[in-house]
Amino acid sequence: MDLLDIARWQFGITTVYHFLMVPLTIGLAILVAGMQTAWYRTGKQRYLKMTKFWGKLLLINFAMGVVTGIVQEFQFGMAWSSYSRFVGDVFGAPLAMEGLLAFFVESTFLGLWIFGWDRLSKGVHLACAWAFSLATVLSAYFILAANSWMQHPVGIELVDGRPRLTSIWAVLGNNTVLAAFPHTVFGCFAVAGSFLIGIAAWQIARHHRKSDADDEDRRAWHGSMRLGAWVAVVAFAGLAISGDVQGKLMFQQQPMKMASAEALCHSEAPASFSIFAIGDVTRPDCENVKSITVPYILSYLAEGDFHSEVKGVQALIPEYQAKYGTHYPDDPRLGSFAGQPIDYVPNLPVTYWGFRFMIGFGGLAAFGALAVLWLTRKRKFPPGKWWAPLAVLSIALPFLGNVAGWVFTEMGRQPFVVVPNPDPSGVDGVWMYTASAVSAGVHPGEMLTSVLVLTALYGALAIVEIFLIVRYVRGGFDGVMPPKPPEGEEKSGEALSFAY
Amino acid sequence: MDLPTFWFCVIVLFWLGYLFLEGFDFGVGMLLPVLGRRNEERRVLINTIGPVWDGNEVWLIVAGGATFAAFPGWYASLFSTAYLPFLVLLVALIGRGVAFEYRGKVDTARWRRTWDAVIVLASWISPMIVGLVLSASVFGLPLNEHGDRVGGWWTIFTLPNVIGALAVCGFSLLHGAVFLALKTEGEIRERARRFALRAGVPLLLPVIALVFTAQLLEGETWTWVPLVIALVAALAGLARLYRWRDGQAFALQGVALVGVVVTLFGALWPNVIPSTLDPAWSLSIAETASSPYTLTVMTWVAAFGAPAVLIYQGWTYWVFRKRIGTQHIPPAHVPSA
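Chains as they are written, first to last, in the numbering used here: chain A, 1366 to 1865; chain B, 2 to 338.
Heads up, a few of these hints could be off.
Using 20 Å as the maximum straight-line C-alpha spacing, the simulated EDC-like pairs for lysine to aspartate or glutamate come out as follows [said to hold, decoys possible]:
1. Lys1409/A <-> Asp1483/A
2. Lys1743/A <-> Asp1582/A
3. Lys1676/A <-> Asp1582/A
4. Lys1417/A <-> Glu41/B
5. Lys1613/A <-> Asp1525/A
6. Lys323/B <-> Asp1609/A
According to the in silico footprint, chain A covers these stretches of chain B (three or more CB under 8 Å from chain A) [unchecked claim]:
7. 39–53
8. 176–186
Hints listed in this document are in silico derivations from the structure and should not be mistaken for laboratory results.
Given the structure is predicted, the values throughout are model-derived calculations rather than measurements.
Just so it is clear, CB atoms sit at the ideal spot from N, CA and C, and this is done for glycine as well.
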C-alpha cells in the first residue's frame, strides 16, 4: 500500500467512527432537551426521570463524539496538507465558523448543563440544554457546507490555479448543502428514535415480568418508546423526501456517482431502478450482471418524469475524458499516479451496494418503527418475549444506513476529492484529484502508525462506551436519579448536587 | 495594519486563550496524584475544572480551524510536518476527554485508578506536544520549496523545541497549582499553594530559557519589552501568592503568559514558519494568508463570535465561582453491576 491508500483508509476509518457518535448525539440532545421541557412545564416526575436517564446515555456518547471530532479537524492538515493548501481559502472558513459559532456554544453550555442542576434556576438550566442541542445542529450545518463544497464547488473564482472565495453566501447556501442538511438531520433523528425504541422495549419487557413494577416507571418507558417510534417514523418520511431531492441534484452534479450507484453501464431511456444485482457489478462493461429491476423508476428518480434518459457509466467516461483529460499530469508529487490514465469510475460494488444498504437498512428500521406504533397503541404492551430483543437489535439498523450512505457519498466522488461539476450552476474547471491531495512530506510509515494507533484506540474506546451504556441501561432510572438522603443524616447543605 | 497581519494577531490571541485556559486544566491533571491523596480529594481537583475543561479545549480547535481558514499554508505545513507529535497529542486529548467523563461512572478503585492514570499521563503529554509544535513554528522546520518536510519525523526534536516543550509543561504545572490555590479550600488549597511557592522558580526556568532563546535567535528590539514584563509578572505572581492573594497571583500568571507569547510570536513575525534549509523557502504571513475576501468574512465572524464566547465562558466561571473542598463532594451514585 502506498501513502495515498493508507491515508484514505485512515480517513475512512476515523470518519465512519466519528459519524457513529454524531447522529446519536444530535438526535438525542434535542430529544433530551424536549423531555426536560416537558418536565419544566408539567412538573411530572417521570419526565425528569426520562431527562436524567436519556441525558446520561447522551453524555457517555457525547464525550466520544467530541474527542473523535478533534481528529477530523486536525487530519486535514496532517494527512491532506496539499488539499488544505489548495482549498484553504474556501474550505477553512466554514470549518472555523463551526468552531467559533457552534462548537464553543456546545461545549460551554454542555458543561453548564451537566453541573448546573440546582446551581442555575430551572429556566436557565433548560435554556442551556437547548443551547447545546441546537448548537450541535448548527455544527452539522457548517460541516456539511464544507463537505458539500467538495461535492459541488460554488462561490469561487480561479486565481493562479487555486480556488478563491468570492461569496461565502454561495458556499453556505449551496443547493447541495440545502439538500444534504435536512437529509443528514433526519438521519440523526432516525438513529435517536430507534435508540429510544430499542432500549425502552428492553426495559418494558423486564418490567412486564416483574409483578411489583413501578407503574410510574413503566409509563415513562412506554412514553419513551412511543416518542422514539414517532420520531423515527417522521424522520424516515423526511429521509425519503429529502433523499429524493438530493438524488435529483446528484444526477445533475455528479452523474458518474449516480450511474455507479445504479451500476448502470449503458444509457437507458426510460431507465429502470435496480433493486438487487446478481453477478459481477465490479466491471463497468456490465457483463454478467443480472439485476432485478423496476422499470421507469430510475428515470423518475433522476429527472422527475418517467421517460427521460439516464446516462450510464460507459457514456459518461468519454464525456469526463473530454472535459478533464485522459491522464494525470506528469508531476512527481502525484507519486505512482503521475502520467497514468485516469479511471473515472468509482469503486462500483462499494457505490452500488452502499446505496442499496442505505435505503434497505433505513427502510427496515422505518418498518420496525411503524410496527412499534401499531403494537403499542392505546397504552397496550405487545405480548410475548420475541419483540424486545428484536427491538434492541434494530438499534443498529439506522446506524448501518448512515454509514452506508456516507461511504456511498464519499467513495462515489473518487477519483476526485473536489469534484468537477458539469452542472452549469457550479464553477466548472475546479477540481482536485484525491491522489494530489495527500501530504507529500509524510512518510508512509508515519501514516501507517497513525492508522494502527487510532484504530486500536477507537476499538478499545468502543468497548468502554458500549460497556458503560449497557451498565446505565441496566441501571434504569434508579441508576441516574439522585438518592434520597437518609432521614436526619443530611451531610452539609452546600454539597454539590452533581460532581464528577 | 493589513488584514493578514491582523489575522496573525488573532491567531496569537487564540493560542493565548488556549494556553491560559487549558494551561491550568492541564496543570490540575498533572497534579492529580501529587495534591489528591484520597479519592475524595482527587474528585475535588477534577471538579474544579469539570464544568470548564471542555470549553477550554475548544480554543485549540478554533486556533487550528482559524489557522486553516486564514493561513492555509501555515496550517498545512505545521500539521503535516509535525505528523507524529500531533498524533500523540490527539491520542492524549482523546484519552483525557473520555477519562474525565468516564472516571466517575463505575464505583470501583480499579476503574478509577485506570482513568486517573490516563488523566495524569495525558495531562503531562499534551502541554509538551503543544510546546514542541509551537516552538517548531517559531524556530523553524526543514521545509522544502513546497512547504513539505525534508527528513524524518525526528527532525522536530531540536534543542530549542525541546525547551519549548518543557516550558509549556512547567508553565501549566505552576498555573494549575495557582488555580487550585484559588479554587479550593482547606488542606488542598494549602498544599497547592505550598507546591507553587516551592516549585515556582524551578518551573519557570525552562520558560525563561525559551523566551531568551527566541529573543536572542530571532527577536526584535521591541520584543525585549514583553520579555521583561513576562519575567516581572511571573515573579510578582509568586510574591502575591506568598501573601495569600491567589486571585492576583493567578492574574499575574496570565500577564506573564501574554508577555511570553507576544515575545515568541513577535520574534516569529513576519514569518509563520521559517525554513531551516533555505530562508527563501520560509513561509511568511503575506504568502500563506488567504484572500482579502476570506479574511474579511472571517473578521466579521470573529467580531461577533469571539466577544460572545468571552461573555458566556466568563459567565460559566461566575456560575461556578465558589471554592470547593472535600465537604462539597457528594457520595458516588452509579448504577450497580
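Which numbered conditions among the earlier hints are violated in the structure presented, ordered from lowest to highest? As far as the earlier hints go, 3, 4, 5, 6, 8 are violated by this structure, in ascending order.
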